[in-house]
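Protein chains in written order, with the working numbering: chain F, 1 to 269; chain P, 1 to 269; chain B, 1 to 269.
It cannot be assumed that every hint is accurate.
Put simply, identical chains are the same to the list, so a pair is met inside one copy or across any two.
[To be verified] Pairs of lysine-lysine, DSBU-like flavour, derived with a Cα cap of 35 Å:
no., residue 1, residue 2
1, Lys240, Lys174
2, Lys240, Lys84
3, Lys240, Lys86
4, Lys240, Lys81
5, Lys2, Lys240
6, Lys2, Lys81
7, Lys86, Lys2
8, Lys88, Lys2
Derived by calculation from the structure, the hints in this document are not laboratory data. These numbers come from a predicted model, not from an experiment.
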Amino acid sequence: MKQQILDAIHAVHASVPLVHSITNFVVMQVSANALLAAHASPLMAHAAEEMDDLTNIDSALVLNIGTLDPAWLDSMELAGKLMKQKGKPVVLDPVGAGASGLRTRAALRLLDMVRPDILRGNASEIMALAAEIRSADKISTKGVDSLNSSDEALDSARALARRFRCVVSVSGEKDVVTDGENVLVVEGGSPLMPLVTGMGCSASAVTGAYAAACENRLVAAAAAMAVMASAGEKAGRTAKGPGSFLPAFLDELYLLDPEDAAARVRILK
Amino acid sequence: MKQQILDAIHAVHASVPLVHSITNFVVMQVSANALLAAHASPLMAHAAEEMDDLTNIDSALVLNIGTLDPAWLDSMELAGKLMKQKGKPVVLDPVGAGASGLRTRAALRLLDMVRPDILRGNASEIMALAAEIRSADKISTKGVDSLNSSDEALDSARALARRFRCVVSVSGEKDVVTDGENVLVVEGGSPLMPLVTGMGCSASAVTGAYAAACENRLVAAAAAMAVMASAGEKAGRTAKGPGSFLPAFLDELYLLDPEDAAARVRILK
Amino acid sequence: MKQQILDAIHAVHASVPLVHSITNFVVMQVSANALLAAHASPLMAHAAEEMDDLTNIDSALVLNIGTLDPAWLDSMELAGKLMKQKGKPVVLDPVGAGASGLRTRAALRLLDMVRPDILRGNASEIMALAAEIRSADKISTKGVDSLNSSDEALDSARALARRFRCVVSVSGEKDVVTDGENVLVVEGGSPLMPLVTGMGCSASAVTGAYAAACENRLVAAAAAMAVMASAGEKAGRTAKGPGSFLPAFLDELYLLDPEDAAARVRILK
Numbered sequence: 001m002k003q004q005i006l007d008a009i010h011a012v013h014a015s016v017p018l019v020h021s022i023t024n025f026v027v028m029q030v031s032a033n034a035l036l037a038a039h040a041s042p043l044m045a046h047a048a049e050e051m052d053d054l055t056n057i058d059s060a061l062v063l064n065i066g067t068l069d070p071a072w073l074d075s076m077e078l079a080g081k082l083m084k085q086k087g088k089p090v091v092l093d094p095v096g097a098g099a100s101g102l103r104t105r106a107a108l109r110l111l112d113m114v115r116p117d118i119l120r121g122n123a124s125e126i127m128a129l130a131a132e133i134r135s136a137d138k139i140s141t142k143g144v145d146s147l148n149s150s151d152e153a154l155d156s157a158r159a160l161a162r163r164f165r166c167v168v169s170v171s172g173e174k175d176v177v178t179d180g181e182n183v184l185v186v187e188g189g190s191p192l193m194p195l196v197t198g199m200g201c202s203a204s205a206v207t208g209a210y211a212a213a214c215e216n217r218l219v220a221a222a223a224a225m226a227v228m229a230s231a232g233e234k235a236g237r238t239a240k241g242p243g244s245f246l247p248a249f250l251d252e253l254y255l256l257d258p259e260d261a262a263a264r265v266r267i268l269k
Numbered sequence: 001m002k003q004q005i006l007d008a009i010h011a012v013h014a015s016v017p018l019v020h021s022i023t024n025f026v027v028m029q030v031s032a033n034a035l036l037a038a039h040a041s042p043l044m045a046h047a048a049e050e051m052d053d054l055t056n057i058d059s060a061l062v063l064n065i066g067t068l069d070p071a072w073l074d075s076m077e078l079a080g081k082l083m084k085q086k087g088k089p090v091v092l093d094p095v096g097a098g099a100s101g102l103r104t105r106a107a108l109r110l111l112d113m114v115r116p117d118i119l120r121g122n123a124s125e126i127m128a129l130a131a132e133i134r135s136a137d138k139i140s141t142k143g144v145d146s147l148n149s150s151d152e153a154l155d156s157a158r159a160l161a162r163r164f165r166c167v168v169s170v171s172g173e174k175d176v177v178t179d180g181e182n183v184l185v186v187e188g189g190s191p192l193m194p195l196v197t198g199m200g201c202s203a204s205a206v207t208g209a210y211a212a213a214c215e216n217r218l219v220a221a222a223a224a225m226a227v228m229a230s231a232g233e234k235a236g237r238t239a240k241g242p243g244s245f246l247p248a249f250l251d252e253l254y255l256l257d258p259e260d261a262a263a264r265v266r267i268l269k
Numbered sequence: 001m002k003q004q005i006l007d008a009i010h011a012v013h014a015s016v017p018l019v020h021s022i023t024n025f026v027v028m029q030v031s032a033n034a035l036l037a038a039h040a041s042p043l044m045a046h047a048a049e050e051m052d053d054l055t056n057i058d059s060a061l062v063l064n065i066g067t068l069d070p071a072w073l074d075s076m077e078l079a080g081k082l083m084k085q086k087g088k089p090v091v092l093d094p095v096g097a098g099a100s101g102l103r104t105r106a107a108l109r110l111l112d113m114v115r116p117d118i119l120r121g122n123a124s125e126i127m128a129l130a131a132e133i134r135s136a137d138k139i140s141t142k143g144v145d146s147l148n149s150s151d152e153a154l155d156s157a158r159a160l161a162r163r164f165r166c167v168v169s170v171s172g173e174k175d176v177v178t179d180g181e182n183v184l185v186v187e188g189g190s191p192l193m194p195l196v197t198g199m200g201c202s203a204s205a206v207t208g209a210y211a212a213a214c215e216n217r218l219v220a221a222a223a224a225m226a227v228m229a230s231a232g233e234k235a236g237r238t239a240k241g242p243g244s245f246l247p248a249f250l251d252e253l254y255l256l257d258p259e260d261a262a263a264r265v266r267i268l269k
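Chain F with its partners taken away, still in its complex shape (with noise of 0.2 Å):
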């Protein structure tokens, strides 16, 4: 495992992948950031109309519903297709799903009508999405006796990849990557990153560099979370505070030590 994550960062350092997002407003800069950052090239634009264009150039589309609109979201849709038709992969973060039924049905819908690569979000998007999904189903829930949202995150990832024929990808304290079968876990990170806003649509925008630069979706979505994970806890040991770790943590995945990424992922089962 080690040697695919460090080929795959390599991979992308030698490609410099173009990443088209179309993602939110808060988070635009600071992805765009960690994309040139990681190594890779962002491409930010939601306008239908140069949607078949833009796709041509793309290397790999990230998805993401943070503020959400109804207009968005049809462009959202339409590039995800071009892409897939194109053979190109598509990541999706579900941002806030669960929150409002407007995000869990818009994330369902994309899900269902473009078929992403990889689903990115953290434990609450992905549980709140299987939960609609088993409910969908009248498929009961395990309901409050979960032993800990951990598990419950797993076990929603599992359903999800399975459903959807996908990687899901979910940040926590440790990450856990799945296609459904397979499990790999990723360590490492600060307790300053959820007090930096955008730093999951980072890893998502930093995941589609690695969809690009790498065939298999399972390798691809655990080496970008390791690179963030690595990045983020080097950085977390400088700051002072979430104010300086969002430009620590750049410089840190700009001179990222690979194998410190690769260290960072075992395979869980």
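Given the structure of chain F, go ahead and fit chains P and B onto it with the hints provided.
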């Protein structure tokens, strides 16, 4: 007063309120980071379709007309009314009121239709809104014989507070906060603050967090400005310029000394 | 030339021009911060309803098609025409021209309908626009036998400057600025600049500030690039990576040494 400010700070830190902003594109990232650093939780969303769901989970709502658009204005009015119906606080930042008729009218419409708990702006915005009200009411203005903009701003703030039965919080070299009767003054900050975009908008966002955690809106508004002033003054001591000021400010907001913040507030009359 | 650049810098610092940008979502914050650090004042607004009011107070207008949308394009055209009617300078940054037909057409339409004073882009954008013009005019292109992209960019810049009677400012390892006859070259900057999103867009915003304060558009455009190059080079000397580069760059822009900036500009012919 000092104890009330301290209590408000502790209430925010203990409850981590969820502050929903419908705000301008320029300051979304910095406002979200300021909320996180101030021990609150940011949510940015503007689609009318999810306003009912989101106002169920919001602790406070902050409306900011900085990059105004008619469609967004409709969502602001809708979200504001829902929050008031649900008994939750609303803060309005009338960015650019006076610079265009659209903004002046939009701010007055939101004041009238939503009845925000706190109106938070800079002196020129507050004076422009008060002038518009006086003009509509055919009250003669004081014209150019007012002694200085600070006095004029306080008169304007008092007039708006009485008219719309809200607290008005005006940022400046000294901040003034009034409910129409009582006036609190907050001192501190740094000359670098006006050289960083979004400091005023972040003050409004943080005011939302304090309004969520503190029933007394006058105290809440003053506590938020005190927290900004304390962090700003400390950051200004070490920053080399406006670039290094921002990360230093977010660090100081996170590492806040509540005693230093509380000592900055005094009762004017 | 050096004295003209110094005069332009002093004119901006003395007048603090109000630069109105209709720009892309990714770079709004960094562009506003760059304007503030460069001793100008930012205003971001896109609603057609307030363009007449705002162009009355604007010192310059910067149009940037980075996250283009048909509705925004209409506002750009309206605002641009109003500014020209009011005798005020307009800068156009054709972000992504060549990457999609929508962007190429939008940039050419704005050039044609608004007649900006300064067109400011990177080499690939300028070459794409010139190629489109040559193709429409049935002028045979030089094709693949051009010696290098820098020569090609200068030829393209000259052609566009003559065609649209504007100054064209092209960023690259060396920046070139031309009015179709005279050519100025600006040297400096840092290899970290392309690794931070919004550096080019900030150069366009700062160009707006210089166009407001300096009648000679060739000098204004070169002075803006010189200021960026000086601050970028100094920031690059201390930055650890792209994360620490941005705050250092804004500090250096604020603490600018006008002599260092002015020394970077030379006349090519």
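Consistency of the hints with the structure:
1. Within a single copy, Lys240 and Lys174 get their C-alpha atoms as close as 23 Å, and across copies as close as 28 Å, so both meet the 35 Å cut-off.
2. For a Cα distance limit of 35 Å, the shortest separation of Lys240 from Lys84 qualifies neither inside one copy, at 43 Å, nor across copies, at 39 Å.
3. For the homomeric pair Lys240 and Lys86, neither the shortest alpha-carbon distance inside one copy (45 Å) nor that between copies (39 Å) is at most 35 Å.
4. When the C-alpha separation of Lys240 and Lys81 is checked against a cutoff of 35 Å, the pair qualifies neither within a copy, at 44 Å, nor between copies, at 40 Å.
5. For the identical chains of this complex, Lys2 and Lys240 are neighbours both inside a copy (32 Å) and across copies (28 Å), given an alpha-carbon limit of 35 Å.
6. In this assembly of identical chains, the alpha carbons of Lys2 and Lys81 lie at most 35 Å apart only when taken from the same copy (33 Å versus 54 Å across copies).
7. For the homomeric pair Lys86 and Lys2, the shortest alpha-carbon distance inside one copy (30 Å) is at most 35 Å, but the shortest distance between copies (53 Å) is not.
8. With identical chains, the CA atoms of Lys88 and Lys2 are at most 35 Å apart within one copy only, with a shortest distance of 25 Å there and 51 Å across copies.
When held up to the earlier numbered hints, the structure conflicts with 2, 3, 4 and fits the remainder.
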